Every structure is written in structure tokens, then in C-alpha cells.
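Chains as they are written, first to last, in numbering that gives the first Met the number 0: chain A, 0 to 194; chain B, 0 to 194.
Some clues are possibly wrong.
Same chains, same names: a pair is fine if it fits in one copy or spans any two.
Below, a list of computed lysine-lysine pairs in the DSBU-like style, where the Cα atoms sit at most 35 Å apart [what the hints assert, rightly or not]: (1) K33 / K144; (2) K24 / K137; (3) K184 / K147; (4) K52 / K137; (5) K137 / K164; (6) K184 / K164; (7) K164 / K110; (8) K137 / K184; (9) K34 / K52; (10) K34 / K151; (11) K164 / K3; (12) K34 / K184; (13) K137 / K34; (14) K38 / K147; (15) K152 / K110; (16) K24 / K184; (17) K24 / K52.
What the hints contain is simulated information worked out from the structure, not anything from laboratory work. Note that the coordinates shown come from a computational prediction; the quantities given were computed from them, not determined experimentally.
Protein chains: 2
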Amino acid sequence: MSKKIITISREFGSGGRYIGEQVAKALNIPYYDKKIIAKAAEQSGLSEEFIEKKGEYSPIKSMFAYAFVGRDSTGASLDDYLFSVQRDIILDIAAQGSCVIVGRCADYILKEDPSCINIFIHGNMPEKTARIMSMYEKTEAEAVKLIKETDKKRAFNYKYYTDQKWGIAQNYTLCLNSSQITYEKCIEIIADLAK
Amino acid sequence: MSKKIITISREFGSGGRYIGEQVAKALNIPYYDKKIIAKAAEQSGLSEEFIEKKGEYSPIKSMFAYAFVGRDSTGASLDDYLFSVQRDIILDIAAQGSCVIVGRCADYILKEDPSCINIFIHGNMPEKTARIMSMYEKTEAEAVKLIKETDKKRAFNYKYYTDQKWGIAQNYTLCLNSSQITYEKCIEIIADLAK
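Could you build all of it, start to finish, from the sequences and the hints given here?
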């Protein structure tokens, strides 16, 4: 196959990360997620722990606090710096060849790259809840709360850095409901499209 | 295959109607679009011409005009009546067996039906423009204007009757960019999913 960069955005609990990993395996191409975090940590001077926590949920704070806290004299915050570091890493990774990149606004960062296939994975609440309960040993109420909070943060972060609404079909090549389609079929459709 | 209702929402010029027709052919199941208009015309007492013009673009008028014009003593407008007639027809069609239904908020009308596969087809502006120029003998400027106006009306109509935003990935099983994926591959993916 010709060079293909597959970016995956996903709702929490939709299995998007798993689907991304399996697509990368099926196509025998690199998969980037934690690796991006590690690379960003090395290059930025920020701690890996900070980056893992903040990497996708950057500017979540009150607008008042945001305006005055944690900014340098140019107006850039530590969050903005981290986003900039991650963006450079994603551009560098994409330049190297075919790969799968999960999260981190990669679809937006690479929007001028014609080799990109941008995927959005979402799912139904009952299936997502069951997955989070099982993966993180949560009660149903805790899982629902965590899903809502996490996706709210992802949507906010995406809007902040891209000025686009998260989950709008027009921003992606393909959007799939993994609860209805099944993970296996999602993997098959995405891998087949890349070929 | 078990009973499958495939609803297709689509951007103007994205080839969604053609894709829907070809999916129905591939699966050898009925395709509904103009047929709905004809049925609605028969049952409503409204002219087929009025329905064809208004069927998907109902409440497009100023909010002031909407508040005072064309409503009966219950507050229902002719537009609302037409939507209600079309809804009943769609529910009736879906009860009869597998089919493809294009447009007319069918995804929302059938949202409780577990046999539904809801599809959203969109595309890139250059490809959509070229298609509309060729199909309707328009200049580039005319085609762009027509695409924007038609999709604006569709989005408004969808919002009005469903209270949902048109084109949000989460409302669909599958969303496809037909310019990137190609019509043929879209048809293949949808037909395969229904099987």
C-alpha cells in the first residue's frame, strides 16, 4: 500500500485505542500513543507524569484562571507549550511513513496531508459503560461519570486547539459506532480502506 | 440477512442518493425516496409538487413569519402536517421489511428500531461542486451556492424536527466521506455491513 497515516479520535470506552492497535498490527505499521507521550517528555523537559495527565486535556480550568495563571510573558501557557511539542512530534512521525496515531488532535495537525485517513470511533452508552466498568473496576455510576467527564474534556481540548467541534462527521474520512458495528468489523473496514 | 433498514442522510452533491440506490440494488431490497413523495402526496391531499419542494426543507422562513403564517388553530403548520404524513409513511415502510430510505429524517423517525443502520454521506467541496456542475449544468459559483444553501436548509430542517444537530457522528452507525473513500467503496462497505 502507499503511505497512509491513520489518525484515530475516539470516545472514552468506545474501544478506539484497541481498534487502532489492531489496525496497526493488521497493516504491520507503527502505532503511536504512549510513545508520543514518552517522546514529548524527553523533548520538552516536562515530566512524563504531567504529560500523560495533561496531554489530551490541556486547557481545562476556569476561564478566569486560564487568563492569569501559568502563562509566560508571551501569553503562552505550559499547556500551549506541551501542545506545540506534541504537534512537532506528530508531524515528524507522519513524515517518516505509514502509521496509526491515536488522539492528540492528530487529524487536525495533519489536515494538509493527503495521505491521512481520519477516523472517529464512538459507541453506545451501555457498551461503553460495561467496558469501562470492566477495565477500570468501576461501578456503573462511576463509569458513566468518568465517560462523560473524559469526553467533555476531550471535546473542550479539541475545540480549544482546533476551533472545530469534536465528533462532527465532516472532519473525518470515516466515523464508526463500534457498539453497533463490532470492534472486529471496525478493524477490518479501516485496514481494508488503508490498503 | 436479517431485516435491515438502511437510512441515508447526505450532503448535497456527495452522491448519497446514488450510493443508496446502489446499496439497495446490491442487497436486492426496496429503495425509497421519490416513492415516499408520491405516497405522501396520495395520502395528504397535498400536491406532489408542493411535497417535492417542501419535503426536506420545511420550516425555512423567518421566525416571525413562522410564528404567524400558515398555522391552524392548534398551532400546526402545513409543514408540520407534511412531516407527520411522511413520518407515518416511513414507519409503515420500515415495518414491512428491509429497505433503503434516503433523507427525510428517517434516522430520527426510526431511532427506536434496532434493525436500523444509519448512514451519513458527506464529501469534499471540489468533488461535490464538480458533481453538481455536471448534473445540473451550473457554473462553479452557482454550484457552490446551491450546495451551501441546500445543506443549510437540510441542517435547519433536521434541527427543527429532531432537535439534533445534522452531521454529528454520534447520531449515525457509519459516516463516510465519499470523495476520499469513492462511491464504489462506500457502497461495498454499507452493503457488507448490512449482510
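Which of the stated hints cannot be reconciled with the structure, identified by number in ascending sequence?
-> none
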